[in-house]
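Participant: Take a look at the letters that make up each chain.
2 protein chains.
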Amino acid sequence: MSERYRQLSPSEFFYRNREIAGFSNPVRAVYQTIRELVENSLDATEMHGLLPEIKIEVRDEGEEKVTISVEDNGVGISPLEVPNVFGRVFYGSKYVLRQSRGVFGLGVKMAVLYAQMTTGQPVKVRTATRRSKFVYEYQVAINIEKNMPTIKSLAIMKNEDGWHGTRVELSMKGNWIQAKKRVEEYIRRTAIIAPYATIIVDAPDFSFRFERSSTKLPPTPITGKPHPHGVDIELLKKIIEGSKKTTYLFDFLIKNFDGVGPATAKKFFDTFGLNPDLKVKDLKIDEIEDLANKMQVFDDWRRPKHTTLSPLGEELLVKGVKAVLNPSFVTAVSRPPSSYAGHPFIVEVALAYGGSISPMDEPMLLRFANRIPLLYDEGVDVSTKVLGKIDWKTYKIDFPSPLAVVTHVCSTKVPFKGVGKEAVADVPEVESEIESGLRECARRLRTHLSRLERLFEVKRWEITVSKYVDEVSSSLSYVTGVDHGLLQSKLLALIKARVMAGDRNDE
Amino acid sequence: MSERYRQLSPSEFFYRNREIAGFSNPVRAVYQTIRELVENSLDATEMHGLLPEIKIEVRDEGEEKVTISVEDNGVGISPLEVPNVFGRVFYGSKYVLRQSRGVFGLGVKMAVLYAQMTTGQPVKVRTATRRSKFVYEYQVAINIEKNMPTIKSLAIMKNEDGWHGTRVELSMKGNWIQAKKRVEEYIRRTAIIAPYATIIVDAPDFSFRFERSSTKLPPTPITGKPHPHGVDIELLKKIIEGSKKTTYLFDFLIKNFDGVGPATAKKFFDTFGLNPDLKVKDLKIDEIEDLANKMQVFDDWRRPKHTTLSPLGEELLVKGVKAVLNPSFVTAVSRPPSSYAGHPFIVEVALAYGGSISPMDEPMLLRFANRIPLLYDEGVDVSTKVLGKIDWKTYKIDFPSPLAVVTHVCSTKVPFKGVGKEAVADVPEVESEIESGLRECARRLRTHLSRLERLFEVKRWEITVSKYVDEVSSSLSYVTGVDHGLLQSKLLALIKARVMAGDRNDE
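The listed protein sequences derive, respectively, from chains E and D. Anchor point for the first sequence: position 437 equals 463 in the working numbering, and the numbering is continuous, going up by one each time. Anchor point for the second sequence: position 22 equals 48 in the working numbering, and the numbering is continuous, going up by one each time.
Rather than coming from a laboratory, the hints here were simulated on the basis of the structure. Just to be clear, a hint being listed does not mean it is correct.
No copy is singled out in the list; a pair is fine if it fits within one copy or between any two copies.
[Unchecked claim] Below, computed lysine-lysine pairings styled on DSSO-like, alpha-carbon distance capped at 30 Å:
hint : residue 1 : residue 2
1    : K207      : K411
2    : K293      : K281
3    : K307      : K293
4    : K172      : K264
5    : K411      : K206
6    : K270      : K251
7    : K207      : K81
8    : K320      : K264
9    : K264      : K292
10   : K150      : K310
11   : K263      : K293
12   : K120      : K172
13   : K172      : K320
14   : K292      : K271
15   : K439      : K172
Use the sequences and the hints to build the structure in full.
Facilitator: Structure follows, in structure tokens:
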């Protein structure tokens with residue numbers, strides 16, 4: 027009995043295993059499609075310095091069929107790239123060292139695949155790049171066996187009003203009624219992490235306009251070089267292949283890796299007694315292995331550059347949290363850049379308390395990674411693990427309590443646990459940064475709560491003491507003959523002064 | 027600023043995102059490599075009716091480098107297929123409707139990729155199929171950009187002693203010291219779920235021979251046809267493409283789908299008023315969509331055949347649990363076949379109590395899927411969710427308690443949450459089957475514990491009452507003059523009879 031072997035194309039692999047990319051049923055598919063499209067739209071705007079305005083439309087076509095469209099005012103897609111961008115799995119522009127929401131080159135293709143297998147309909151794409159004279163309208167299907175796009179139609183129109191952006195429309199089997207809550211939650215959380223975005227939703231039972239609460243965009247990330255600490259033999263071999271015959275090891279390091287200057291390079295060669303004057307093209311495989319190992323263990327590389335990252339910043343994070351959760355207290359920490367295995371990352375944490383937040387038995391956790399809200403698989407996320415380590419009594423919190431924790435991990439390589447991007451793995455470096463940020467926020471919350479407590483005590487003292495002012499001033503007036511009203515106002519002023527002093531004491 | 031687009035090969039995609047397949051660090055990589063190799067070996071033996079004997083060797087080469095080899099006595103790999111099997115991602119023999127451990131065509135390639143990027147060494151494969159006159163020894167590397175194998179060497183030797191099987195050896199960066207515990211746990215759990223396998227481990231600080239506790243193999247699964255309930259437009263189109271011009275819809279259904287006979291087919295066409303006499307090749311896309319939708323919603327298809335499955339069975343499961351956990355009580359339930367979205371599945375549950383199991387604050391959960399032990403991501407597994415719903419007091423269990431729960435999901439399509447195969451998603455049908463199985467086991471445990479309780483009470487009564495026998499028979503002897511010894515033995519016999527009766531009552 028011999029086995030029959032065959033090769034699957036990437037399209038066919040994910041068509042068969044769509045649930046690992048989040049397309050497991052008609053409810054989840056609606057959520058995942060909207061998510062992938064919105065994330066592409068956000069990347070296409072904010073990464074290019076444009077304030078996002080995103081329109082989401084959902085039409086319920088009956089019989090468990092929905093039509094979803096998402097339109098943005100982004101940079102558009104070059105018309106020659108449209109078929110591949112929507113019709114080939116593992117095709118994309120985000121395979122570079124730079125923070126972006128998209129990384130896998132998979133999400134929107136999964137939505138196209140799902141539409142195709144459930145309704146047989148191609149994706150409709152309308153797009154124009156900036157200053158394009160034309161608007162292009164494509165209909166694209168995926169040839170699953172070949173992992174190649176099939177263009178079903180193409181229309182080219184004059185771009186009369188100088189529009190730029192992309193509009194994507196998909197018809198698929200989908201359950202909007204049940205997906206609605208998740209989508210709503212997703213958009214609310216997106217509004218927290220992208221307070222500079224206006225999001226307009228027009229869907230059955232759910233029409234809303236989330237107006238941007240800020241017009242400030244976070245810094246645009248810049249494409250970087252690989253960090254020497256995260257190098258492996260395959261990467262080295264590939265960079266060597268692309269080098270000139272005359273390139274020496276010393277220059278090779280400086281030219282191709284992040285943050286390696288002559289001084290650092292010299293120190294590296296000295297530390298291991300390596301010869302910097304070898305030609306890289308002459309290195310044999312065991313020498314390359316040796317070099318990779320030494321680059322990985324060398325302690326004195328500079329930290330990876332964080333210009334590849336685009337954290338939100340404390341100010342914007344506070345704005346976003348305020349706009350959406352409306353708490354009575356909010357504080358945020360943007361941690362300094364750190365790195366794991368050569369990948370730079372920054373952790374941001376916010377803590378919100380009171381106000382419109384309902385008291386719950388444990389903190390409400392809102393997780394984000396590269397500005398993507400993560401709604402599923404909370405149980406295996408690194409942030410959940412960190413939360414489990416916090417003893418909230420230390421910070422004057424007794425549950426039930428109206429407490430929300432926001433965590434945001436940004437990196438050129440977020441250690442996602444799956445291609446569905448729902449949970450971040452517990453990389454020790456990331457874990458430790460989240461914990462530091464969270465404890466810092468929690469200390470600030472404790473200070474705030476202590477202050478509230480003291481204010482409350484002072485206020486109680488004021489009320490108690492004030493009760494006697496009338497009687498005391500009457501008696502004093504009787505004894506001293508001074509005017510009762512004058513005494514009363516002096517006494518009240520005294521109390522006020524004490525209260526103010528008490529209030530100031532803990533500033 | 028225009029974006030630069032490119033296509034990644036499947037190899038390059040997983041090389042970049044190796045952590046989503048479990049290769050996140052040198053500890054996990056060792057565990058994952060051993061796991062993938064052992065699982066391939068088990069598939070290559072038991073699926074072909076061979077009792078598995080698997081030898082795992084780990085050599086610590088120092089400097090965080092290990093050499094791992096796994097050898098089996100399986101059916102071997104056809105020499106022409108070896109390069110692709112080890113050197114191409116998404117190449118495999120298991121893309122059919124049949125239960126097997128391997129499904130993705132990814133695992134062993136990930137191990138080869140990881141070895142290659144950390145030591146630059148190719149995989150070494152020795153293999154011979156049954157009755158092969160030759161043994162083949164390959165060294166294969168992966169061309170990552172092209173997703174194609176590169177043969178580094180090939181040696182062909184006479185198969186002097188009629189050996190068959192496969193031996194795979196990999197050198198990689200790996201931390202054996204830290205991986206050891208996980209690997210040990212993995213092998214212990216494999217011994218539970220594959221009690222017919224002998225596993226020999228020869229590794230630093232850990233040499234062991236797990237002898238098979240049974241020579242009975244579970245039934246071999248048979249390749250099946252797709253179930254009409256799980257059909258989609260793409261699948262329909264593909265089957266139509268492969269059909270003859272003269273095939274009518276009626277015959278098309280009967281020939282290509284699982285469990286569709288003339289009666290069921292007729293009922294299907296009658297229910298929806300569809301015309302069974304159309305030629306399938308004449309169907310238009312909207313007619314195909316309509317057909318797919320109707321096939322999905324039709325209620326009267328027969329359940330999918332479970333000959334594609336290979337559950338362990340209650341007897342073998344009990345044997346496995348006894349051999350490894352050595353409990354004082356064990357019970358197992360193999361649920362009847364069920365299905366979700368057209369995929370047949372069977373759930374098996376075992377409960378073990380007491381004996382060598384240490385008391386813990388919650389049940390020890392041992393999860394399996396298609397006979398693969400799942401060690402990570404317990405927090406998001408469907409079994410964890412089910413456990414959370416059980417109130418153990420109902421079953422006379424107070425924690426801490428020496429309780430172990432074993433769950434086993436087998437299916438032609440286990441709803442894994444990721445390509446790392448560590449957790450099963452909470453598909454409602456699967457969840458409900460696990461719950462039924464678990465509750466059945468728990469009821470049996472309660473009966474057992476009640477019986478123990480009663481036995482204990484009867485014993486206590488016997489001891490208490492027996493204390494007075496001597497005195498009572500002395501007094502009786504004095505009063506009646508009957509021999510003291512005789513009275514004493516009669517009284518003791520009376521007590522014994524009562525005890526025996528009490529004991530029998532609850533059988």
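Participant: Evaluate each hint against the coordinates.
Facilitator: Okay, the hints, checked on the actual structure:
no.	hint	in the structure
1	K207 / K411	both (26 Å within a copy, 22 Å between copies)
2	K293 / K281	within (16 Å within a copy, 72 Å between copies)
3	K307 / K293	within (22 Å within a copy, 71 Å between copies)
4	K172 / K264	both (27 Å within a copy, 13 Å between copies)
5	K411 / K206	both (29 Å within a copy, 24 Å between copies)
6	K270 / K251	within (18 Å within a copy, 55 Å between copies)
7	K207 / K81	within (18 Å within a copy, 52 Å between copies)
8	K320 / K264	within (18 Å within a copy, 52 Å between copies)
9	K264 / K292	within (23 Å within a copy, 61 Å between copies)
10	K150 / K310	between (51 Å within a copy, 20 Å between copies)
11	K263 / K293	within (23 Å within a copy, 63 Å between copies)
12	K120 / K172	both (22 Å within a copy, 20 Å between copies)
13	K172 / K320	between (41 Å within a copy, 28 Å between copies)
14	K292 / K271	within (21 Å within a copy, 73 Å between copies)
15	K439 / K172	both (29 Å within a copy, 23 Å between copies)
Consistency note: the structure conflicts with none of the earlier hints.
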